[in-house]
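Listed here are the chains, written in short residue letters.
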Amino acid sequence: MSTYSIQTERLNLWYGDFQALINVSVDVVDGIITSLIGPSGCGKTTLLRSFNRVNERYGNVTTTGEIKVLGKNIYDPDVSLPELRKSVGMVFQRPNPLPISVYENVVFGLRVHSSRTSLKKSESDEIVEKSLREVFLWDDLKDKLKVRATTLQLEQQQKLCIARLLPLKPQVILMDEPCSALDAEATRAVEELMVSLVGRYTILIVTHNMAQARRVSKECIFMLLGEIMEHSRTKDLFITPQNPKTAEYIEGRYG
Amino acid sequence: MINRSRLESVTERIIEGIIRFCGFSAILFVFGIFFFVFREGSGFLFSGLDIGQFLTSPEWFPTSVSNKRYGVLALLAGTASVTALSMAIAVPFGLGAAIFVSEFCGPKLKETFKIVIELLAAIPSVVWGFIGLTVMNGVIIDLFDAPIGLTVLNGGIILALMSVPIIVSIGEDALKAVPDSYREAAEALGATRWQVIYRVLLPAGKNGLLAAVLLGIGRAVGETMAVLMATGHSVQFPSNILDSVRTLTATIAAELGEAPVGSDHYQVLFIIGILLFTITFIVNLASDLVVKGIRNK
Chain A
769 MSTYSIQTER
779 LNLWYGDFQA
789 LINVSVDVVD
799 GIITSLIGPS
809 GCGKTTLLRS
819 FNRVNERYGN
829 VTTTGEIKVL
839 GKNIYDPDVS
849 LPELRKSVGM
859 VFQRPNPLPI
869 SVYENVVFGL
879 RVHSSRTSLK
889 KSESDEIVEK
899 SLREVFLWDD
909 LKDKLKVRAT
919 TLQLEQQQKL
929 CIARLLPLKP
939 QVILMDEPCS
949 ALDAEATRAV
959 EELMVSLVGR
969 YTILIVTHNM
979 AQARRVSKEC
989 IFMLLGEIME
999 HSRTKDLFIT
1009 PQNPKTAEYI
1019 EGRYG
Chain B
9 MINRSRLESV
19 TERIIEGIIR
29 FCGFSAILFV
39 FGIFFFVFRE
49 GSGFLFSGLD
59 IGQFLTSPEW
69 FPTSVSNKRY
79 GVLALLAGTA
89 SVTALSMAIA
99 VPFGLGAAIF
109 VSEFCGPKLK
119 ETFKIVIELL
129 AAIPSVVWGF
139 IGLTVMNGVI
149 IDLFDAPIGL
159 TVLNGGIILA
169 LMSVPIIVSI
179 GEDALKAVPD
189 SYREAAEALG
199 ATRWQVIYRV
209 LLPAGKNGLL
219 AAVLLGIGRA
229 VGETMAVLMA
239 TGHSVQFPSN
249 ILDSVRTLTA
259 TIAAELGEAP
269 VGSDHYQVLF
279 IIGILLFTIT
289 FIVNLASDLV
299 VKGIRNK
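Chains A and B, in that order, are what the protein sequence lines are.
Residues 769 to 1023 (my numbering) make up the first sequence, in order.
Residues 9 to 305 (my numbering) make up the second sequence, in order.
No lab work stands behind these hints, which were simulated from the structure alone.
Everything numeric in this text was worked out from a predicted model, so none of it was measured.
It cannot be assumed that every hint is accurate.
As the list claims (entries may be wrong) - Selected chain B positions facing chain A (in silico; Cβ < 7 Å):
1. S189
2. Y190
3. A196
4. L197
Said to hold, decoys possible - Restricting the straight-line Cα-Cα distance to at most 30 Å, the calculated cross-link-like pairs of lysine-lysine (DSS-like) are:
5. B:K214 x B:K122
6. A:K914 x B:K300
7. A:K914 x A:K889
8. A:K914 x B:K214
9. A:K910 x B:K214
Yeah, the Cβ is synthetic: ideal placement off N, Cα and C, and Gly gets one too.
Using the sequences and the hints given, assemble the complete structure.
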C-alpha cells in the first residue's frame, strides 16, 4: 500500500462568489509524479496553489474542507506558512528567478529560513554546487555564479527555479505548467530533470500538454469545472478512460 | 481615391509643427534661463570676482562701504546643513511611507494616502514658511529653551515635510515597478513579508528609490521661501542644529530687490544663481543616470 503526501477531503474553494473547486477529494501518492490535466479554467492551477496556500495572496478566497500535507491539516491555526512553504516548494509558469545572483537565488530559501549567522560560506558553497548538480546546471553555470539570474536563458532560469527549492529539502514540489514558456528542446531537458527527481520528491504538475502528462507522470488527475472527473494511473487514464468526459477531452473534442 | 486631399496634408503638417515646437520649447526655455542668468552675472564673474575667495571665504559683506567681501562658504554651509538635516528626516520617513503604501495598504487606504500625499505636495512653500515662522518657532523655543526658534532644525523639518511627498510618490512608483512574480517567488519559498521587502524589493527597486531620494535632495536645495522664513537669516557656520543660518536661495531672494541693477552685488547674486543651477543640475543628472540604469537592467 502506498502512502500519500497530499490528501484533500471535500475541499471547496471560492474566489468571491465564484466557486472554483467543488468537493475535491484526492490522494496524491508519495514519491511519484502526478499530473493534473483539464481544460483552461477547470481549477487545476487553483488546486495546485492551495497546497502551499499561495492562492491566499489574492485575498477574497474562502476555503472549506481539509487539505492534509504529510498528514497535517494545513488550515490548522498552528500551521506556520513559512514552514509549510519550506516543505512544499513551487515552480511557476514563467521562470521567476529573483533579480539577484545565481548563487544567492539558490541559497535564498536557506537565508530566509535560518538566522543570519548560522550559514557558513563553505557550507553554502557546497549546497549551491549540490543543488545545481541535481538540476544539471553546474557545468553550465559554475563560472557564472555571480551573474544576475534574470539574464540567463529561460531553460536555465526554470532549472534554477527548481534548484533553489532543493536546499530546503521539500517533500513536495508543485509545478504550474513549468514548460509552457519553453521551447521543445528546453521542455525535453526540464522533463528529464523532473523524471530524475522521482523517488526523492513528490511532484505534482499542472499541464495543458497531454503528451507531457503521458511522458512524465505515473498518475493523472483529470479535472473539469472545478471537480475531479477521474484519477488513475496515467496509462489507464489515456488508454481506457472510465469517464466519458475524460475520453472526450483526451480525444480533443473540447478543451 | 488614393491621394489624400491637399487640405488634409496641410493641416497634418501644421499640427505636427505645433507639437514639435511644444517639445523643443522645453529645451529652449532651459537654455534661455541659463543664458540670461549667466549674462547678468558674467561681467563680474570673469573680471573682478576672485572665484577662489568666492567659494572658500565665509565672509559675506556685499554692502560694506569700505571693504566689500563676497564669500559664499557660509551660505553653502547653510544650504548644506539644512538640506542634510531635512534628508536625515525625510529619507527614512519617505521610504518607509512608500513601502507602507505600496506593500501593506489595502486598495482603499492606498487611494486615501495618495490623495493626502498629493495634497501635501501642493501646499505652497510660503505657507510652509508661515508654519515655520509661527508654529515651529514657538515649539522649538519651548522645547529646547532656545533664544530663537528660527534655526537649522526648523528649516530642516519644514524642508523634510516638503520633500517627503516627492520621495513617497516616486519611491512608491519604483516599488510598484518591481514585478509581482518576484514577490510571489519569495513568498512561495517561505519568506515573510519583511523578508520579501528587504531581501527582494529593496534590492530590485534600489535604483528607483535612489532616484526618489535624489529628487528630494534637489527639492530641498532649491527651496527658497520656506527656508528664508524658517532659518533665521543670519550668515554663519552652524555649530549645532539650534543655530540660525542663511541659504544660497534665501540670499538671492532677500537681496536682489535692494542691489542696484548692474552693480557687483547684483552680479554676484546672479553668480550664486549659476552655482545653484550647477548644484541642482548635477543632482538631477545623477538621478537621471540612476533611473536610466534601471531601464538598462
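Verification of the hints:
1. S189: With a minimum Cβ separation of about 4 Å from chain A (threshold 7 Å), the hint on S189 of chain B holds.
2. Y190: The hint holds - Y190 of chain B has a Cβ within 7 Å of chain A, the shortest such distance being about 6 Å.
3. A196: With Cβ-Cβ at 4 Å, under 7 Å, it holds.
4. L197: holds, 5 Å
5. B:K214 x B:K122: holds, 21 Å
6. A:K914 x B:K300: holds, 23 Å
7. A:K914 x A:K889: holds, 14 Å
8. A:K914 x B:K214: Within the cut-off at roughly 19 Å; holds.
9. A:K910 x B:K214: With Cα atoms ~27 Å apart, K910 of chain A and K214 of chain B stay inside 30 Å; holds.
Violated hints: none; the structure is consistent with every hint.
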